[in-house]
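Engineer: Order-wise, the sequence lines are chains X and D.
For the first sequence, the residue numbers in the UniProt record's numbering are 1 to 657.
For the second sequence, the residue numbers in the UniProt record's numbering are 1 to 198.
Be aware that one or more of the hints could be misleading.
[What the hints assert, rightly or not] In silico EDC-like cross-links for lysine to aspartate or glutamate, where the CA-CA straight-line distance does not exceed 16 Å:
{"id": "1", "chain 1": "X", "residue 1": "K208", "chain 2": "D", "residue 2": "E113"}
{"id": "2", "chain 1": "X", "residue 1": "K208", "chain 2": "D", "residue 2": "E59"}
{"id": "3", "chain 1": "D", "residue 1": "K2", "chain 2": "X", "residue 2": "D89"}
[Stated by the list, open to error] Facing chain X, from chain D, some residues (calculated, C-beta under 7 Å):
{"id": "4", "residue": "N18"}
{"id": "5", "residue": "L37"}
{"id": "6", "residue": "P52"}
{"id": "7", "residue": "G61"}
{"id": "8", "residue": "V63"}
{"id": "9", "residue": "T67"}
{"id": "10", "residue": "H119"}
{"id": "11", "residue": "A128"}
{"id": "12", "residue": "H179"}
[As the list claims (entries may be wrong)] Here are the in silico distance ranges between beta carbons for each label pair:
{"id": "13", "chain 1": "X", "residue 1": "G254", "chain 2": "D", "residue 2": "P8", "range": "26 to 36 Å"}
{"id": "14", "chain 1": "D", "residue 1": "D4", "chain 2": "X", "residue 2": "G254", "range": "46 to 56 Å"}
{"id": "15", "chain 1": "D", "residue 1": "N53", "chain 2": "X", "residue 2": "P605", "range": "35 to 45 Å"}
{"id": "16", "chain 1": "X", "residue 1": "D625", "chain 2": "D", "residue 2": "L101", "range": "25 to 35 Å"}
{"id": "17", "chain 1": "X", "residue 1": "Q365", "chain 2": "D", "residue 2": "P8", "range": "50 to 60 Å"}
{"id": "18", "chain 1": "X", "residue 1": "V338", "chain 2": "D", "residue 2": "N53", "range": "19 to 29 Å"}
If you're looking for bench data, these hints aren't it; they were derived computationally from the structure.
Small disclaimer: the values here were computed from a predicted structure and weren't measured.
The C-beta atom is built at its ideal place from N, Cα and C for all residues, glycine as well.
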Amino acid sequence: MKWDEFFVTGEPMIYGAMVSIVVVSLAILIGLTYFKKWGWLWREWLTTVDHKRIGIMYIIAALIMLFRGGVDALLMRAQLAIPENGLLDAQHYNEIFTTHGVIMILFMAMPFVVGLMNVVIPLQIGARDVAFPRLNAVSFWLFFAGAMLFNISFVIGGSPDAGWTAYFPLASIEFSPTVGNNYYSIAIQIAGIGTLMTAVNFLVTILKMRAPGMKLMKMPMFTWSVLITNVIILFAFPVLTVALALMMFDRLFGTQFFTMANGGMDMLWANLFWVWGHPEVYIVILPAFGIYSEVISTFSRKNLYGYKSMVWSMIIISLLSFVVWAHHFYTMGHGVMVNGIFSITTMAIAVPTGVKIFNWLFTLQKGRIEFTTPMLYSLAFIPIFTIGGVTGVMLAMASADYQYHNTMFLVAHFHYVLIPGTVFAVIAGFYYWFPKLFGFRLNDRQGKLAFWIIAISFNVTFLPLFFLGLKGMTRRMYTYSESTGFGPLNLIASIGAVGLAIGFIVLVYNIYWSFRYAERDTTGDPWNARTLEWSTHSPVPEYNFAVVPKVDSLDAFWESKKSGKPLFTDKIEEIHMPNNSGQPFILGMIFMFFGFFMVFSWWVPAIIAGLGIVVMLAVRSFERDHGRHIPVSEIIKTEKALSSRMDTDAGLRGEHA
Amino acid sequence: MKVDHTLPLEYQTEENSNRVLGFWLFLGAEIVLFATLFSVYLTLWNRTGSGPNGAEIFEIGPVLGETFLLLTSSFTCGLAVHSMRLGLKKPFMAFFGITLLMGLGFLGIEITEFVTYVHEDATIQTSAFLSSLFVLLGTHGAHVTMGLLWGGGLMIQVKREGFTHDTANKSFIFSLYWHFLDVVWIFIFSFVYLKGLM
C-alpha cells in the first residue's frame, strides 16, 4: 500500500483537519509535560475505577464527539444551503452524513447517557460504586478505543460512506472498496462490547446493591429507566455484534452473507441491523425519560404523577421496541401482511409514550414550578417531542410511508425525536447533576440564554425539513437544482443550524465561566431535590456515603427533609473500596491497535495484538486484588473537612451517628 | 469483607454472588448471540449457490463423536463442581482435567471436519449456506477454545491456592459457561446436522 492510499489526500479540508489534529495533539502533549501533569493524568483518570470519574470521562468524550458530529452537520447544511453548491462533492458528502449519524448515535448520545448513568446510579441507590468497578473501566476504555478508531478513519484510509445503516449491497467490498466500511464494522464492534459489559454491570448494580429498604417500586424513576434500558442493551447488542461480525467477514474474508451471488441475501443485513437498531432508539430515549421525570418532579415540588404507570409504560415500550424493526423498510418488498403487523405494533408504542407525556403534565399541574435551566429543557421537550411522536405515527402507517420513505420528512421526524428527546435530556441532566460532581451550579442566566437559542434554532433547522420532505426532497442528496424549488427552505434550515452552533458555543462558555466564577454550593443539595444522591456532599467523596442510608419510601431524602427522620443511623465503619488499575486502559489501547490492523488486513500485527488481548485476560485471571479498606479515622477526617465547607445539618449525613 | 457461611463457598462474599448473577446475565446475552447466528443459518441454509448442500458434506460419525465428548465433558464438569463443594481437591483436579481434555478432543474433531469440508471445496467463501455454517460452528468452537485457555488457567490457580473464595467462584462460573456451550451444541446437533442429514 502506497502512502497516498494510506492517508486521505487531495482534499483541502482534510489537510486542514490533519494539521489541526497534529497541532491539538502536540498542544496536549506539551501542556501535560510543561505542567508536569502526566502522573496526575495516569493516577487520577487513566487508571481510575471510580464510577464518578468514569462518568465524567464518558461525558467529556461525548461532548468532543458532539463537536465532531456537529461539524459534520454544519458542513452538510452549508452544502445544502443553496442549489447546486460545490462545497462538497458527492463522495465527501456521503462520508459526512455517514459519520454524522454513527457518531451522534453511538459515540455521542450513548456515552452521554452512559456517563450520566455512571455518575448518578450508584449515588441514587445509595451504593458506594457499581458492582464491577474494574469492568466499568474496561467498558469505558473499549468505548474510547472504538470512538478513536472510528474518528481516525477520515484522515487514514477514508471514512465509511454507505450511510449509518450501511445497507448491503452498497456497503459490500464490491461497491465500497475502500477501508471505510471496515472501520465501521470494527470500531463499532469494539465500542459495542464495552456497552454490553456496561449493561451487565448496571443490571447487577441495580438489582443487588440498592440501599436497605429500597424495594424495586421505591426506586427513583431515573434508576428504573436505566434498569430497563440495560435490559434492552443486553438483548439488543448481541444482534449488532453478530451483524457487524458478518459484515466484517464479508468484507475481509470473502464470505457470502449479504452478497448478490452464491446465495447471499442483502435484506438479511437490513433485518439484523434494525433488530438492534430500533431497540437502540429506546436505549437512548428511556434514560432521557428518566431524567425528565427527576427534573420535572424536583422543580414542580411534587411527587411524580403515576409512578406505577410510568414504570409499566417503560416496560411495555421496551417489549414493543423488539417487534417493530421492519417499519424501517416497509418499501423494501415484504407483503401486506408483514407491513400491516409492523404498522400496528409501531403505532401501539404511541400509547405507553402518551401515558408518560400525560403523567409529566399532571406532575406539573398545580405544582410550584421553578424555571431553572434543566426545567426549561424538560418543558420544551414535551411539545417538541410530541411533534416528533405524531409524525412518527404518520410514518408508521405502511401505505402512507411509501410517500415519506427516504425523504427529508423522515430526517425531520427522527431529529424531532432524538434532539428534544435525548439531547435536551442529557443537557438537562448535565445541568441538573453538575453541582453534585463539581460543587457549584452552572450559571443559570447563561444557561437559559443557551437554552432559548438552542430551542428556537432547533425548530428553525428542522421544521422546514418536514415540508421539504413532503415536497419530495430525498435524504442523502448532496445537491439539488434550482428548479426543484427546495432552495429557500433549505437556506432557512441552514441558518437554523448556525443558530444551533451558536447555542452550543454559549453552552460551552457557560461551563467555562461557571468553573471560574460561579458561586460554590455549600449544601450538597442546591436544587432542594428528592433523591439520595443529594443527601451526600458535593463534590462527592470517593466512597459516596460515609454511612449507607436506610430507606423506607420513594424519594426518601425528600421525605426525610420533610419529616426530620434521619436517613443515616448507622455508625461509621471502615469502607471497602476497589484499587485503581492501569489494565483497562492498556486493554483498550491494545483493542484499538488490533482494530486498526484488522481494518487494513495487516494480519501479522493483528494476530500479535490479538494475543496481547488474551494475555491481558490471563493477567487479570491470575491477579488477586481485593481492594483496600478506608479506616474510620480517615473517613471522619474527610467528612469533617467536607462539612466545614458545608453548613447543613450534619446529623442528616450521619457524621455524629 | 462480609462472608455468609450458610452459602456454598463460591457465593459467600457479596462480590462473588454479584459475579455469579453478572455471569448469568452475560449468558443471557450469549443466548441472543447464538440465537441470532441460528436465525442467520436457518435463513441461509438452503441457499447453497453453486456449492454443496448439507447432506452432501455432513457425516454423522465424527459429529456423534463430538457430541459424545462434549456432553460427557459437561457431566464431568458437574462432578468437578460437586467435588469442590465437598472440598475434595484431587477429584476436582481429575474431573476438571478430564473435562478440558474432552473439550480438546471435541475441538480436534471439529478442526478435522473443517479441513475435510475445505478439501471437498466447501469453503467459507463458497456459498451463503457454507458461510453461515462455518461462522456458527466457528463461533461455538472459538468459545470452546476460550474455555480451554480459561479452564487451564483455573486449574493452575486451584493447584496453587486450593479452594478459596476466588478460585471456587471462578470454577463455578466456568462450569456455567461450559454447560452453556453444551446446550448450544445440542441445538447445533439438531438444527444443523440432523436437519441437514434428513
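Engineer: Taking 46 to 56 Å as the hint, is the beta-carbon distance of D4(D) and G254(X) inside that range?
Structural biologist: Since the Cβ atoms of D4(D) and G254(X) sit about 54 Å apart, the hinted range of 46 to 56 Å holds.
Engineer: Can you tell me whether the CB distance of G254(X) to P8(D) sits inside 26 to 36 Å?
Structural biologist: violated, 49 Å
Engineer: Does the nearest C-beta of chain X fall within a distance shorter than 7 Å of the C-beta of G61(D)?
Structural biologist: violated, 27 Å
Engineer: Compare the distance between the alpha carbons of K208(X) and E113(D) with 16 Å, and conclude whether the hinted pair is satisfied.
Structural biologist: violated, 45 Å
Engineer: So, as I understand it, the hint says H179(D) touches chain X; can you test that by seeing if any CB pair is closer than 7 Å?
Structural biologist: violated, 19 Å
Engineer: Measuring from the C-beta of V63(D) to each C-beta in chain X, is the shortest one below 7 Å?
Structural biologist: Cβ of V63(D) sits 23 Å from chain X, so the hint is violated.
Engineer: Against chain X, with CB atoms and a cut of 7 Å, does the hint on A128(D) hold up?
Structural biologist: holds, 3 Å
Engineer: Evaluate the given range 35 to 45 Å for the C-beta pair formed by N53(D) and P605(X).
Structural biologist: holds, 38 Å
Engineer: Does H119(D) pass the interface check with chain X, least Cβ-Cβ distance below 7 Å?
Structural biologist: Violated - the Cβ of H119(D) stays beyond 7 Å from chain X, reaching only about 18 Å at its closest.
Engineer: Using 7 Å as the Cβ threshold, decide whether T67(D) counts as touching chain X.
Structural biologist: violated, 24 Å
Engineer: For the hint on P52(D), does the least C-beta distance to chain X fall short of 7 Å?
Structural biologist: violated, 12 Å
Engineer: Is it true that D625(X) and L101(D) lie within 25 to 35 Å of each other by Cβ?
Structural biologist: holds, 31 Å
Violated hints, in rising order: 1, 2, 3, 6, 7, 8, 9, 10, 12 and 13; the structure is consistent with all others.
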